[in-house]
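Residue numbers (my numbering), protein chains in the order written: chain A, 1 to 387; chain B, 1001 to 1387.
Incorrect hints may appear among the rest.
[As the list claims (entries may be wrong)] Where chain B lies over chain A, by a calculated footprint (3+ residues, C-beta under 8 Å):
id, stretch
1, 42-54
2, 96-104
3, 176-187
4, 256-263
5, 318-328
[As the list claims (entries may be wrong)] Footprint (simulated), chain A over chain B, 3 or more residues, beta carbon under 8 Å:
id, stretch
6, 1115-1125
7, 1158-1165
8, 1314-1322
9, 1370-1382
No lab work stands behind these hints, which were simulated from the structure alone.
C-beta atoms are modelled at their ideal positions from N, C-alpha and C, and glycine is treated no differently.
There are 2 protein chains.
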Amino acid sequence: MREVAILGVGLTPIDEHWDRSIIDLAGEAIRPALEDAGVERVDSLIVANMLAATGSDGGQLNLGAQIADWRGLRGIEAYKVEAACGSGGAAFRAGLAAVASGQLDVALVVGVEKMSETEASTTTAGLATAADADYESAHGPSFIALNALLMRRYLHVYGWRHEDFAPFSINAHANAARNPMARLHRSITMEDYQRARMICDPISLLDSSPIGDGAAAVVLGPAAALGAGGRRKRVTVVGSAAATDSLAIHDRKQPLRLAAAERSCRRAYAQAGLGPQDIDLFELHDAFSIMAALSLEAGGFAEPGQGPRLGLDGAILPTGRLPVATHGGLKARGHPVGATGVYQIAEVARQLWGEAGSNQVSPARIGMAQNIGGSGATILTHILRAS
Amino acid sequence: MREVAILGVGLTPIDEHWDRSIIDLAGEAIRPALEDAGVERVDSLIVANMLAATGSDGGQLNLGAQIADWRGLRGIEAYKVEAACGSGGAAFRAGLAAVASGQLDVALVVGVEKMSETEASTTTAGLATAADADYESAHGPSFIALNALLMRRYLHVYGWRHEDFAPFSINAHANAARNPMARLHRSITMEDYQRARMICDPISLLDSSPIGDGAAAVVLGPAAALGAGGRRKRVTVVGSAAATDSLAIHDRKQPLRLAAAERSCRRAYAQAGLGPQDIDLFELHDAFSIMAALSLEAGGFAEPGQGPRLGLDGAILPTGRLPVATHGGLKARGHPVGATGVYQIAEVARQLWGEAGSNQVSPARIGMAQNIGGSGATILTHILRAS
Chain A
1 MREVAILGVG LTPIDEHWDR SIIDLAGEAI RPALEDAGVE RVDSLIVANM LAATGSDGGQ
61 LNLGAQIADW RGLRGIEAYK VEAACGSGGA AFRAGLAAVA SGQLDVALVV GVEKMSETEA
121 STTTAGLATA ADADYESAHG PSFIALNALL MRRYLHVYGW RHEDFAPFSI NAHANAARNP
181 MARLHRSITM EDYQRARMIC DPISLLDSSP IGDGAAAVVL GPAAALGAGG RRKRVTVVGS
241 AAATDSLAIH DRKQPLRLAA AERSCRRAYA QAGLGPQDID LFELHDAFSI MAALSLEAGG
301 FAEPGQGPRL GLDGAILPTG RLPVATHGGL KARGHPVGAT GVYQIAEVAR QLWGEAGSNQ
361 VSPARIGMAQ NIGGSGATIL THILRAS
Chain B
1001 MREVAILGVG LTPIDEHWDR SIIDLAGEAI RPALEDAGVE RVDSLIVANM LAATGSDGGQ
1061 LNLGAQIADW RGLRGIEAYK VEAACGSGGA AFRAGLAAVA SGQLDVALVV GVEKMSETEA
1121 STTTAGLATA ADADYESAHG PSFIALNALL MRRYLHVYGW RHEDFAPFSI NAHANAARNP
1181 MARLHRSITM EDYQRARMIC DPISLLDSSP IGDGAAAVVL GPAAALGAGG RRKRVTVVGS
1241 AAATDSLAIH DRKQPLRLAA AERSCRRAYA QAGLGPQDID LFELHDAFSI MAALSLEAGG
1301 FAEPGQGPRL GLDGAILPTG RLPVATHGGL KARGHPVGAT GVYQIAEVAR QLWGEAGSNQ
1361 VSPARIGMAQ NIGGSGATIL THILRAS
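Just chain A, with the same shape it has in the complex (with noise of 0.2 Å):
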């Protein structure tokens, strides 16, 4: 198996774009994404999106070759992959694998996602569409609802207050303000996370994450034609990892473990010769702070149940023991579904590479990106490293 390396990546801002279509911010991530690269040409587009089947506007499939023609790069091997909102997160595995087994030189993998409707009620839908069509949506809770009953368990089994959420959304939210790209720019102290808006009880509006429409792009090639003594340092993939569970949260045995990141992050741990006390910074999944939680246990930084502590100590802070949500997370950078897992493997990339800006941490040699799609359903663990 090649070595594998980020040559480059590229970011739309996320926010409402009426004004540009997928095909549009797609190509406003490939760009510079190509550029930041320094290649003009790729072998293979892998498209990560969610839910542009679903739209109002009537759907639109084959987005590869849609995509790859309206970018300039007609001709070139395409194809969608969804896995819900851990869609960016598979489709980088897939070009990782392309490009390792030599099936092709260079991968451009781009997430795109634009979620803005009319009627907000055919985003609930399309959202809804993660979960058990059978068991789970056809009695009607939404996506935040069953995420509501995991963080009322969570709260009950463990005694922690809501407030003790806290430090995760006040921490991505701080780190959004600095982040260009980021959806929310404001930060929030404790007195408004405690009177936020309940959307879904326990959750809040500032435990939830965003929507929004945008796109990430990551170009990957063999580690081996970067040669030495480029101009920045060289970020492989180290580990990658995928795992599943069940669909339907009322189906698991220990509903308030994800079991699926933690077999991925162990497959992960175990690939790169690497434990949670090797990782510098670890963007998560924060769709809601519940699941900023459930992540930091599964990965091996908390014990079960102990997840909140990190946020209670300041670990989690850019200048704590283990950075998280470093560029806003999902909850402040925004949550552009399909797109989302791209944006951090690119936000950890920049993080390596020490180009994070305002938002760098230090030290930054070894970063984990965790993508989760569905409740918990399926998740991607993947550790890349600098050199």
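Dock chain B against chain A, hints included.
Below, chain B alone, put in the same frame as chain A:
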């Protein structure tokens, strides 16, 4: 890059399976595929599906994790690949890269589609998402209308008569009549073809493939693990390539050339060190009879404009020099869109193992499968070899 072998295949009959869900169908292909391969566990499930997100029942994404869970594989990696009707071939290629790279050892690729809908218009609208939503579908043409434009132009430019395409359909129906998995079991005559109801001039009912519900599964693993002297010949993937073209057919300089097929064939031939003269059978993508002709030309089996000649001179028959649609093809085996590419691979493998029953052709040492997404937008070509 490790050499990759087909370890086993499994198929469901293609029909209107009103009593089965997508999960049921997937399971009915997965179970026999795992038995055929002699494995109980796999490392990864890659689902090929086009329409589950757009169905009238509200849609289901995250199919990878869902199918893995319900078919007894909870915990393994899983995600979905989509490239419209080319989804099956694209998923197979992703599985191939995963095994070839050493990222994992055993991959299960399952193509599954459920197209029976109370309202046929739902399926027609779903299929239209393979075309360009802004520049084709917005103007109203269904998918068959786009193919009719191509066929009309082809008849005009090259001077063929409509009935010159009859041999493609007659051959497909005759082969399907002997295949228990096929959707249609009625042989047809030239008279049937000529009297067939016109659907979208010049495409008649007997130029068109029937949709259907069905699933096909293929298990992939490293060829080296097979050892010597197994119960059957070793079937390995010796060529794999994908290419794209514009989604919109009006946007191609030569709409009567399948540029993406030419490109992917050229690459697959080069990888295999083979040419069209070496191919013993060809599972082509005859969604409409015009596509059979264009595929034969793109594959180098006929000069541009001369595809129908291979039908008229009997070359495509099971006894001819290039048997096509040996199990009935899309035309009569049926076209459960996202699953079709996996059916094709499974059919080629069975031919090369000599396990194609009354559909067996001889010689069958090298077989090619070609899967098309959209009206030629995404084309995947695979060459398999028995040894």
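Structure-based check of all given hints:
Only residues whose C-beta sits within less than 8 Å of a C-beta in chain B count toward coverage, and the stretch 42-54 of chain A has 4 of them, enough to reach three; the restraint holds. With a cut-off of 8 Å between beta carbons, the stretch 96-104 of chain A has 7 residues touching chain B; three or more are needed, and the interface restraint holds. Coverage of the stretch 176-187 of chain A by chain B is violated in this model, with 0 residues showing a Cβ closer than 8 Å to a Cβ of that chain against a need of three. Counting residues of the stretch 256-263 of chain A whose CB lies closer than 8 Å to any CB of chain B gives 3, so the stated coverage by that chain holds, three being the minimum.
Counting residues of the stretch 318-328 of chain A whose beta carbon lies closer than 8 Å to any beta carbon of chain B gives 0, which falls short of the minimum of three for the stated coverage. Coverage of the stretch 1115-1125 of chain B by chain A is violated [criterion: at least 3 residues with CB-CB distance below 8 Å; count 1]. A stretch counts as covered by a chain when three or more of its residues have a beta carbon under 8 Å from one of that chain; for the stretch 1158-1165 of chain B and chain A the count is 0, and the coverage is violated. With 0 residues bearing a CB less than 8 Å from a CB of chain A, the stretch 1314-1322 of chain B misses the requirement of three and the coverage assertion fails.
With 4 residues bearing a CB less than 8 Å from a CB of chain A, the stretch 1370-1382 of chain B meets the requirement of three and the coverage assertion stands.
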